[in-house]
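Peer 1: Residue numbers (our numbering), protein chains in the order written: chain G, 1 to 368; chain L, 1 to 368; chain F, 1 to 368; chain C, 1 to 368.
Mixed in with the good hints there might be a few duds.
Copies of one chain are not kept apart here, so a pair can be met inside one copy or by any two copies together.
[Said to hold, decoys possible] Okay, derived cross-link-like pairs now, SDA-like style, lysine to any residue, Cα gap no bigger than 25 angstroms in a straight line:
no.: 1; residue 1: Lys-192; residue 2: Arg-49
no.: 2; residue 1: Lys-54; residue 2: Ser-275
no.: 3; residue 1: Lys-322; residue 2: Pro-306
no.: 4; residue 1: Lys-312; residue 2: Trp-168
no.: 5; residue 1: Lys-99; residue 2: Asn-276
no.: 6; residue 1: Lys-312; residue 2: Ala-35
no.: 7; residue 1: Lys-312; residue 2: Ala-199
no.: 8; residue 1: Lys-322; residue 2: Glu-190
no.: 9; residue 1: Lys-54; residue 2: Gln-64
no.: 10; residue 1: Lys-198; residue 2: Gly-258
no.: 11; residue 1: Lys-322; residue 2: Arg-49
No lab work stands behind these hints, which were simulated from the structure alone.
Number of protein chains: 4
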Amino acid sequence: MSHNSFGHLFRVTTWGESHGPAIGCVVDGVPPRLALTEADIQPFLDRRRPGQSKFVTQRQEPDQVRILSGVFEGLTTGTPIALVIENQDQRSKDYGEIKDRFRPGHADLTYELKYGIRDYRGGGRSSARETAMRVAAGAIARRMLGTEVTLRGALVNIGGDAVDRAAWDWAEVERNEFWCPDPAAAARWEAKLLEARKAGSSLGAVIEIVAEGAPPGLGAPVYGKLDAELAGALMSINAVKGVEIGEGFSAAALSGEGNADEMRMEPDGRVRFLSNHAGGILGGISTGQPIVARFAVKPTSSILAPRRAVDKHGQEVEVMTKGRHDPCVGIRAVPVGEAMVACVLADHLLRHRAQNPDAPSQARLPRN
Amino acid sequence: MSHNSFGHLFRVTTWGESHGPAIGCVVDGVPPRLALTEADIQPFLDRRRPGQSKFVTQRQEPDQVRILSGVFEGLTTGTPIALVIENQDQRSKDYGEIKDRFRPGHADLTYELKYGIRDYRGGGRSSARETAMRVAAGAIARRMLGTEVTLRGALVNIGGDAVDRAAWDWAEVERNEFWCPDPAAAARWEAKLLEARKAGSSLGAVIEIVAEGAPPGLGAPVYGKLDAELAGALMSINAVKGVEIGEGFSAAALSGEGNADEMRMEPDGRVRFLSNHAGGILGGISTGQPIVARFAVKPTSSILAPRRAVDKHGQEVEVMTKGRHDPCVGIRAVPVGEAMVACVLADHLLRHRAQNPDAPSQARLPRN
Amino acid sequence: MSHNSFGHLFRVTTWGESHGPAIGCVVDGVPPRLALTEADIQPFLDRRRPGQSKFVTQRQEPDQVRILSGVFEGLTTGTPIALVIENQDQRSKDYGEIKDRFRPGHADLTYELKYGIRDYRGGGRSSARETAMRVAAGAIARRMLGTEVTLRGALVNIGGDAVDRAAWDWAEVERNEFWCPDPAAAARWEAKLLEARKAGSSLGAVIEIVAEGAPPGLGAPVYGKLDAELAGALMSINAVKGVEIGEGFSAAALSGEGNADEMRMEPDGRVRFLSNHAGGILGGISTGQPIVARFAVKPTSSILAPRRAVDKHGQEVEVMTKGRHDPCVGIRAVPVGEAMVACVLADHLLRHRAQNPDAPSQARLPRN
Amino acid sequence: MSHNSFGHLFRVTTWGESHGPAIGCVVDGVPPRLALTEADIQPFLDRRRPGQSKFVTQRQEPDQVRILSGVFEGLTTGTPIALVIENQDQRSKDYGEIKDRFRPGHADLTYELKYGIRDYRGGGRSSARETAMRVAAGAIARRMLGTEVTLRGALVNIGGDAVDRAAWDWAEVERNEFWCPDPAAAARWEAKLLEARKAGSSLGAVIEIVAEGAPPGLGAPVYGKLDAELAGALMSINAVKGVEIGEGFSAAALSGEGNADEMRMEPDGRVRFLSNHAGGILGGISTGQPIVARFAVKPTSSILAPRRAVDKHGQEVEVMTKGRHDPCVGIRAVPVGEAMVACVLADHLLRHRAQNPDAPSQARLPRN
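Please take these sequences and the hints and turn them into a complete structure.
Peer 2: Take a look at the structure:
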């Protein structure tokens with residue numbers, strides 16, 4: 001048991017604080033002889049990297065990852081892979097303001113109550129900076145999943161303004177600064193966020209992750225369910241307040257008939273579902289259909305508007321955040337969400353293979 | 001690692017199939033010298049028990065729990081507590097219909113693809129019958145939490161029809177057959193469900209669990225977050241498709257100002273929050289405020305209307321369910337949700353105590 | 001984490017006290033579609049069963065195991081297998097004598113200091129009765145290992161009197177009451193133990209377990225080493241005070257040359273070792289050679305001779321044990337040791353397969 | 001589950017290869033507000049450091065540890081502590097000789113069979129270099145145990161030549177190059193090892209670790225036993241082939257009377273044992289007496305004498321080791337053994353406190 005480890009057979013342990021000398025992680029359980037270099041990981045980090053657009057924090061971090069172990073002559077060896085990123089832009093600003101104050105929506109108060117001490121610089125361990133290591137681990141997980149699995153994320157809602165699903169275009173996702181699959185929505189969001197930034201305010205968001213091509217059989221009854229572990233994984237991302245699989249909360253409003261994913265047979269023996277309300281998971285186990293998960297990110301708590309708060313000495317104070325911060329942390333959560341889903345799938349792939357080495361890799365039935 | 005265990009220091013392992021001789025669980029990690037007898041567990045099982053109203057499955061199970069170990073002369077001994085419930089009403093019906101057919105919305109297909117075998121009788125391991133052991137374990141968890149913690153659940157939405165929060169009355173919850181805190185909603189739901197049952201249809205639901213009085217400091221960065229583990233726990237319940245903490249998905253539509261939970265000091269040194277959008281958790285750690293979690297349950301997949309499906313032999317078939325089933329499985333999920341939250345809190349209480357034995361039991365600050 | 005669970009992917013959780021209504025275990029992670037009935041488990045329990053010879057405790061327990069879950073129509077389903085044995089001969093004797101007294105060599109004092117309560121009847125949880133469930137789980141582990149693996153144990157030393165290794169005959173092991181591979185030693189031990197029993201004394205023993213045919217590659221650097229887990233597993237058996245792999249403590253007296261296991265090639269490409277000082281494990285990973293582990297069991301602490309002790313009230317007392325007890329608990333430890341080795345191997349087989357599905361099943365090298 | 005993690009609540013994950021850029025570890029679960037700097041860890045690393053005497057490997061590594069996270073202003077914060085040591089003396093020697101050859105007694109063959117790849121430089125992951133991180137983690141564990149616990153190790157046997165226990169003097173341990181408590185033995189060993197080194201040979205050793213002042217109650221039935229976890233921990237150290245607790249294998253030769261640790265009461269209410277055959281552990285739980293563990297280390301496998309071996313291509317070869325190596329790896333295993341015992345005790349301290357916060361810190365009984 002470890003509070004800073006994630007996964008079971010594909011196991012990630014992260015460490016590091018926002019303003020410490022470095023952040024890092026150890027990824028254990030990776031099969032041997034996978035081709036892996038920093039160049040396989042860096043692009044994913046670059047996608048998450050701060051300072052790239054006006055809609056995310058302006059902290060400048062090159063986030064150059066280094067592999068310190070577990071890879072030999074370009075191949076994984078089966079031993080733990082240590083990754084490290086040195087913190088560069090640890091702006092030596094005056095933290096006097098938040099040193100003793102507990103900002104609303106932040107982990108300041110709870111860390112203090114739990115530990116009686118906290119590294120307040122940039123949020124310390126509670127900083128979203130930790131998610132860089134999730135993204136790095138996710139890149140390794142993707143290597144394990146192979147090219148059969150297409151794992152993508154998109155922002156589907158900012159501040160209550162949702163994308164038009166009829167206009168969904170995955171190619172668009174890489175074309176705007178919001179990972180938005182709907183160009184019209186992206187345009188609206190741009191205006192919205194500029195306004196929010198100007199007002200020193202912030203907005204929440206909803207992210208959707210879709211994994212296509214994952215084999216059936218991932219997950220297990222009853223506490224190793226794939227959806228249960230996806231929910232835990234996504235909820236562990238900073239600022240996430242809700243997680244859905246497939247139809248999610250909308251399922252509550254459906255009838256049994258409306259929610260049923262009917263099935264037919266393909267000529268080649270594969271099962272075809274006529275819908276995917278289940279989000280690719282039945283009884284906690286993947287069906288072979290696209291796995292669909294969504295999560296809600298609250299608006300950034302660091303805002304310009306003064307808020308009533310308390311300090312370490314039990315005094316009532318007002319706080320407002322001046323520094324560089326994301327007006328919508330949900331944007332940078334897209335690659336993080338992808339990474340978490342990749343890690344969960346990689347872990348379950350190993351677990352499934354251990355117990356069921358002969359299980360089919362597709363939802364295919366014998367025809368006799 | 002175990003697919004059928006839950007929790008870390010308070011650790012529950014369940015076993016059993018719907019139509020096997022018995023179901024049971026082992027609860028490990030319970031502190032010694034807690035008063036515990038079957039009478040402390042049975043009332044919670046009785047709340048979940050099938051066959052009690054016309055809105056839930058008519059299977060008749062007395063669900064009498066027996067303690068087989070870990071309790072001596074009415075006190076826990078610190079050794080594992082084994083609980084068992086014998087299955088009684090294993091109706092010897094003809095399972096020919098579902099033996100080889102994969103019902104939409106059920107785990108039939110995924111179990112078959114994963115394991116190449118399944119106990120099809122009543123859903124086997126995927127049956128909601130397993131949740132009886134969660135409820136039993138939850139009763140032990142409640143003992144550990146003590147009387148300071150008030151942990152209650154309510155149904156807040158059936159088929160898209162939500163309760164009026166202004167009319168919320170916890171006392172009502174025990175007065176109707178839906179655990180509904182709003183009598184007007186309960187009346188509407190009764191009509192709705194009678195209609196659904198008559199039509200052989202089913203409805204989804206949303207459940208809300210509230211834990212008041214839990215100490216601050218439960219949970220931990222960054223993968224042992226309280227909200228992450230609550231999400232995993234609740235998503236592991238059969239038919240659950242979404243989980244929220246506090247404001248949940250609604251947070252996506254809020255501004256940073258609107259979502260901030262401002263703080264003031266009580267004269268006695270306690271921190272008072274002016275709102276609870278966070279659902280009692282910041283940075284993955286409890287604040288001392290009420291912990292609020294919600295989860296969505298899909299409509300029962302077993303319905304009268306024929307649905308297109310496939311069978312074990314790769315043939316296209318139609319299935320319809322004739323047996324006894326819940327028109328709204330969400331109703332019986334209320335005590336199960338309570339139990340899962342109780343188990344997560346008990347587990348985190350032990351984990352918190354191990355690392356932080358001197359942490360305060362209330363959100364209280366020194367005033368100096 | 002659980003104090004009463006063992007293994008990772010093949011995971012055993014045991015429960016029960018010596019004089020409670022039953023003892024049992026849950027075995028999770030077993031692959032599906034293995035043929036398994038009670039008849040596959042019972043013979044191993046019968047080997048461990050008390051009351052079978054004059055050299056072991058006379059408690060009469062039929063130890064009839066029942067499978068309560070995880071098996072359907074004679075095949076495992078991949079879900080947890082619950083086993084239970086009802087306690088029969090809970091002799092309603094007067095426990096007044098040991099109720100408040102802390103017997104030397106027993107867990108009485110430590111349970112009291114740790115938990116402040118203990119089920120003193122027959123030792124409660126610390127009773128060797130718990131090992132019946134290890135044996136039952138071991139029978140399932142053997143099923144997983146298959147017929148390629150020959151896993152056997154023998155008693156090699158009682159009270160300092162060792163077998164003659166030149167006279168080792170596995171067939172002898174089943175012919176005497178001591179699992180002794182050397183008939184001459186068995187005859188000497190018989191006399192020795194009769195004398196010890198008459199004197200109300202007891203003797204220690206050393207057990208050796210040999211697993212032939214296990215594949216190479218089991219185990220992993222650096223804390224999942226096969227030898228490390230065997231050591232933990234064997235040391236967890238009641239009364240065990242030492243564990244060795246291969247040459248064991250004798251290795252300390254050897255030179256590097258003397259301890260080296262040289263290698264040659266077989267014509268078929270298999271590696272042949274010229275000796276097995278390593279006990280089949282190098283760098284924590286199995287070599288494909290026989291895996292050899294030994295463990296030392298202390299003399300039964302329950303003896304007739306009065307010993308100075310203390311009681312619950314801090315009073316100095318004398319205790320002597322009158323009841324039925326093994327003059328040499330090491331004898332019944334043989335099937336238990338076999339079972340623990342089987343469980344460790346089964347667990348590592350799954351773990352190895354998860355990460356290294358393409359690893360060879362024999363120590364065979366490409367010849368090019 | 002992780003093959004490279006150790007412990008449960010005090011959890012250590014190590015990474016790194018002998019000739020990679022660095023080695024490191026993450027220590028999770030450390031309580032907050034413990035004073036900790038590199039200066040608290042470095043002295044223990046210096047004790048283990050190579051190149052310090054003519055009896056250990058001449059590799060020159062300053063082994064300067066850096067703390068990268070989890071410590072703020074000199075105090076632990078409760079978040080994971082990352083430690084790193086850069087590898088300096090990665091002698092760019094020609095590894096051609098061992099690149100494809102499987103040296104007897106080394107992990108070369110088993111890594112190859114398991115992973116199909118290995119970092120052969122200096123043994124890669126199987127190098128004793130990894131134990132530096134154990135020592136570093138052990139230093140943190142010692143901080144947690146506090147000054148009440150005196151944890152020391154000594155070499156008690158080299159090449160079959162044991163210390164005279166009557167001459168045991170802990171002060172001597174720091175005065176010679178062997179951690180030997182008996183100056184006469186140290187003198188004999190010096191001659192012995194000079195001879196072995198000259199001959200290109202090597203010798204095995206036995207190490208004893210004693211922890212005084214540890215509270216009673218550490219450990220738990222039945223798989224979380226303190227002795228079981230000590231056995232696993234010590235057996236996981238490179239080259240260890242046997243582990244004993246207290247009387248160890250000698251217990252097999254004792255009678256029940258001879259092995260009994262009788263008890264008397266001290267005037268202050270503490271239990272006094274008249275002997276310590278048990279090594280401070282009964283029923284898997286510490287008694288409050290000194291905890292005594294011993295382990296045997298095989299002679300260094302790297303020797304000058306040519307040995308028959310095989311290579312990657314299935315060819316028979318002869319190998320002899322020319323590089324810098326320890327003639328007795330047991331010497332440097334002393335601080336490693338201490339560290340492992342410290343880690344196990346720290347872990348169990350947390351586990352014990354979680355479940356039994358009110359347990360007494362001394363073996364003291366109420367006198368009424």
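Peer 1: Next, verify each hint and record whether it holds.
Peer 2: Comparing the hints with the structure gives:
Proximity of Lys-192 and Arg-49 under a CA criterion of 25 angstroms is satisfied intra-copy only: 22 angstroms inside one chain copy versus 50 angstroms between copies. Proximity of Lys-54 to Ser-275 under the C-alpha cut-off of 25 angstroms is found in neither arrangement, the shortest distances being 39 angstroms within a copy and 31 angstroms between copies. When the C-alpha separation of Lys-322 and Pro-306 is checked against a cutoff of 25 angstroms, the pair qualifies only within one copy, where the shortest distance is 10 angstroms, while the shortest distance between copies is 60 angstroms. For the homomeric pair Lys-312 and Trp-168, neither the shortest alpha-carbon distance inside one copy (48 angstroms) nor that between copies (35 angstroms) is at most 25 angstroms.
In this homomeric assembly, Lys-99 and Asn-276 come within 25 angstroms of each other (Cα to Cα) only across copies, at 24 angstroms, whereas the closest approach inside a single copy is 49 angstroms. Only between protomers do Lys-312 and Ala-35 lie at most 25 angstroms apart by alpha-carbon distance; the minimum there is 21 angstroms, versus 50 angstroms within a single protomer. In the homo-oligomer, the alpha carbons of Lys-312 and Ala-199 never lie at most 25 angstroms apart, since the shortest distance is 29 angstroms inside one protomer and 60 angstroms across protomers. In this assembly of identical chains, the alpha carbons of Lys-322 and Glu-190 lie at most 25 angstroms apart only when taken from the same copy (22 angstroms versus 53 angstroms across copies).
In this homomeric assembly, Lys-54 and Gln-64 come within 25 angstroms of each other (Cα to Cα) only inside a single copy, at 21 angstroms, whereas the closest approach across copies is 42 angstroms. Taking the shortest alpha-carbon separations for Lys-198 and Gly-258, only the inter-copy value of 17 angstroms comes in at or below 25 angstroms, while the best intra-copy value is 44 angstroms. In this assembly of identical chains, Lys-322 and Arg-49 lie within 25 angstroms of each other by CA distance solely inside one copy; the values are 21 angstroms within and 48 angstroms between copies.
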